[in-house]
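S.K.: Spelled out, the chains give:
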Amino acid sequence: MNEDERGSYAPLNSNPKQRARLLAALYLAQEQYGWLSSEAIQYVADKLSLKIGQVQSTASFYSMFRLKPQGEYRIQVCEGLSCYLVGGAEPILDHISRKLGIQSGETTPDGKFSLEVVQCLASCGTAPALRINDELYERMTFASIDKLLESLGCKI
Amino acid sequence: MPVLKNISELNDFRKQAKAQLSDREDNKLTIILGMGTCGIAAGANQVADAVRSELKKHKIDAEIVNVGCIGMCHNEPLLDIQQPGQPRITYKNVKPAMVGKIIEKHLLNGEFSKRWIYGQLPARDGTTVEGIPTYAELPFYGKQVRIALKNCGIIDPESIEEYLVSGGYGGLEKALFQMTPDEVIEEMKDSGLRGRGGAGFLTGLKWEFCRKAKNTPKYLICNADEGDPGAFMDRSVLEGDPHALLEGMIIAAYAIGATEGYIYCRAEYPLAIERLKIAIKQAYTFGLLGNNILGSKVVFNLKIKEGAGAFVCGEETALIASIEGKRGEPRPRPPYPAVAGLWGKPTNVNNVKSFAIASQIMMNGADWFNHIGTKKSTGTAVFALTGKIKNTGLIEVPMGITLREIIYDIGGGVPNKKEFKAVQTGGPLGGCLPAEALDTPVDFDSLTAAGATMGSGGMIVVDQDTCMVELARYFLTFASAESCGKCVPCRIGGQRLLEVLTKITNGEGTLADLDEIERISKYMQEGSLCALGQLTPGPVLASLKFFREEYEAHVTEKFCEAGVCEGMFTYEIDPDPCTGCGLCAKACPTEAITGEKKEPHVIDQSTCIQCGACYDVCNFGAVLVKRKHELTVIEPI
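For the protein sequence lines, the chains are A and B, in the order given.
Using this note's numbering, the first residue of the first sequence is number 1, and each one after it goes up by one.
Using this note's numbering, the first residue of the second sequence is number 1, and each one after it goes up by one.
Heads up, some of the hints might be wrong.
No more than 30 Å apart at the CA atoms, straight line, and that leaves these computed lysine-lysine pairs for DSSO-like [claimed, not checked]:
| no. | chain 1 | residue 1 | chain 2 | residue 2 |
| --- | --- | --- | --- | --- |
| 1 | A | K17 | B | K345 |
| 2 | A | K51 | A | K68 |
| 3 | A | K147 | B | K114 |
| 4 | A | K17 | B | K214 |
| 5 | B | K586 | A | K51 |
| 6 | A | K112 | A | K68 |
| 7 | A | K47 | B | K214 |
| 8 | B | K114 | B | K345 |
| 9 | A | K68 | B | K326 |
Okay, the calculated bits of chain B under chain A, using three or more residues with CB under 8 Å as the criterion [stated by the list, open to error]:
| no. | segment |
| --- | --- |
| 10 | 158-166 |
| 11 | 304-316 |
Computed, partial: chain B to chain A, Cβ under 10 Å [as the list claims (entries may be wrong)]:
| no. | residue |
| --- | --- |
| 12 | N27 |
| 13 | T30 |
| 14 | L33 |
| 15 | T37 |
| 16 | G328 |
| 17 | G387 |
| 18 | T477 |
| 19 | C608 |
FYI, nobody ran anything at the bench for these hints, they're computed from the structure.
Beta carbons are placed, not taken as given, at the ideal position from N, Cα and C, and that holds for glycine.
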């Protein structure tokens, strides 16, 4: 164990409120780097005087923290109930999966698209829905998905 | 605008805002756009651009106001036009291409494109336009009583002035300057308000527990981690009327003596967070948050905490852990948060709607509130109406209204001539009720007695095409994926239940599996640490109770009557209603359907892949779902 590693097991900052800033700090790091690499996690731990294990345990618990590199366009397919009832969720995921040649949780080799399933995006009145980066798209059909992907530079 | 140092400054400011707003209503053309998440996704931004360019083209001077969601998601985008002193006229499903015509006709020629109009909101003096229904006359709104949603879609959520003019912060004024904290709590208890997050605990009593706790500082938390699939009530309040939440929180903070507060909001709601930030900033600017609120000695600081996509964080102890920056895992209660919550200090957690309603109760009094609804469930309930229903959207109804009234009168019933099958309340931790239970009054106790729960407000309608076993499996997939994994009954039980349900929907189930469902469920209900594990079996048990025949058909006959579970049904064309239109044959991807024009068609079972395309396109209900062995055998001629 080198000095740095030992350092990460150093005693905690005694102010418990310090850790309360962790989620926000992880979001910032993720925004900056696109995902949370072990370096990013180390950096956050240092900044907040937390143990690396504490940061890792929090980061790995929440689905919105990405511990793998992501594509330029992050496609999130809603698998909420309303989407499921109107024929969304699985069929839409399969469709995009076929178009991009990747499964949920993967990124295309060119780093352009990643695909994932997310819980309810709260667009139930206008389901099925999906989100690409921060943009929400509703009442999706296979045709509208194709158009959307094409506009983002997906060759079909 | 400087900090408001006392009530008279608040009232002066309100008067000033009112004069400005009245001036706008009386003298200025106003165009109001629905800019909730639903409106924006439906294209409200494009409509807004079209409005701006049309106004410019015709050199019309108008004020453009953005409002939140008014509740009718099925009619978005919405565009309201209010001419000086005239009622507010709502156009529905507006497309950018329609805007030019609407403006030309309405503003230049004084005509109304009636088929595009949804309704009207009367002007301040009651003026209406003849021939257009008012909102109160429309079935979707007629039966609603809007308290938590009072301002949603009506006022500009980014304007504190508009909130003040609607009477906003009047409840706070009353609480701070005319009542002691104990009186506020008494008033809340008298109102009978029960927590709108789902558990239905008396809000006033909860506040009292926290007030009586000795430790300091005390914390106040708003649970805005709305995660149920099919629920967006809180989102609409946050987006449409954020100050209502702030006002309720400041009142609660005063009542329990909390000096610090957090709004824990789903990160999936960026617009809600943005509008909350604006509202909080305004409240600080005007001295409604911070030190010496409105010149009093009350101190209350408020921050937003974003979640990170864990459903279990809706549970209060998990939520508290998440605010502390830890894994969002629940812990056993007691001690309850009222005694030891955030950082071990007394903490009060309420839902968004509870706070929004609290400010209205303070304003109008407990008696006003407890005369709405039923004796044990006072006031109103907010529901997000979704699924197989004509009018999807957000509604607020008095407690005690029946499910039938909600689904048929307000919701417009099931579309596409399909038959109603069940309604799910309380989302993945609730339960479903069949058609026989449609006359159940909607209140906390009646719904629980009937086998469902009130939940936080998701109401999902399913029709004949939904398989109840598959639906239960869906909820289990959700709930078991969201289990935090801390306690065994929830972590393992959820998985086991899901396995059993998957086995049944795959056609491998046995009758013994139905008993197994009940056995596992019992352990989960009794042994789980938090409500997530205790309530996960709810939807399965409810559907097993009300739709046992469907479960039995799945295991004994391997038949799925809804035509959902793969390999467990087959399609057949009923020759009587079949008109021979040929739509099904065109839709069939395997060319399994044949028949002469205007003669009944036939499905060739050997090439049919049960994709359901014919079933979906048939306009005459001639395609039937059949048991495999029930097929009519066509004798060769």
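S.K.: Taking the hints in turn, state whether each one holds.
M.R.: Here is what the structure says about each hint:
1. At roughly 13 Å between alpha-carbon atoms, A/K17 and B/K345 fall within 30 Å of each other, so this suggested pair holds.
2. Straight-line distance between C-alpha atoms of A/K51 and A/K68 comes to about 21 Å, which keeps the hinted pair within the 30 Å bound.
3. Taken as a hint, the A/K147 and B/K114 pair is broken in the structure, with Cα atoms around 33 Å apart against an allowance of 30 Å.
4. With a CA separation close to 21 Å, the supplied pair A/K17 and B/K214 stays within the 30 Å bound.
5. A hinted pair counts as satisfied when its Cα atoms are at most 30 Å apart, and B/K586 with A/K51 does not qualify at roughly 64 Å.
6. Restraint check for A/K112 and A/K68: satisfied, since their Cα atoms lie roughly 14 Å apart, inside the 30 Å limit.
7. Proposed proximity of A/K47 and B/K214 is contradicted: the alpha carbons are some 35 Å apart, above 30 Å.
8. A threshold of 30 Å between alpha carbons decides the hint, and for B/K114 with B/K345 the separation of about 59 Å lies outside it, so the pair is violated.
9. Only pairs whose Cα atoms come within 30 Å are accepted, and A/K68 paired with B/K326 is accepted, the gap being roughly 21 Å.
10. Chain A is given as covering the segment 158-166 of chain B, and this is violated because 0 residues of the stretch bring a CB closer than 8 Å to a CB of that chain, at least three being needed.
11. Under a criterion of three residues with beta carbons nearer than 8 Å to beta carbons of chain A, the stated coverage of the segment 304-316 of chain B is upheld, 7 such residues being counted.
12. For B/N27, the shortest C-beta to C-beta distance to chain A is roughly 36 Å, which exceeds 10 Å, and the interface hint is violated.
13. The beta carbon of B/T30 comes no nearer than 26 Å to any beta carbon in chain A, farther than 10 Å, and the hint placing it at the interface is violated.
14. Hint status for B/L33 relative to chain A: violated, with the closest Cβ pair at about 17 Å, above 10 Å.
15. A least Cβ separation of about 7 Å between B/T37 and chain A falls short of the 10 Å threshold, and the interface hint therefore holds.
16. With a cut of 10 Å, the hint placing B/G328 at the interface with chain A holds, because the nearest CB-to-CB distance is about 6 Å.
17. Below 10 Å, beta-carbon pairs count as interface contacts, and B/G387 has one with chain A at about 5 Å; its hint therefore holds.
18. The interface hint given for B/T477 is met, as the beta carbon of that residue sits about 8 Å from the closest beta carbon of chain A, less than 10 Å.
19. With a cut of 10 Å, the hint placing B/C608 at the interface with chain A is violated, because the nearest CB-to-CB distance is about 19 Å.
The structure fails hints 3, 5, 7, 8, 10, 12, 13, 14, 19 (numbered hints given earlier, in ascending order).
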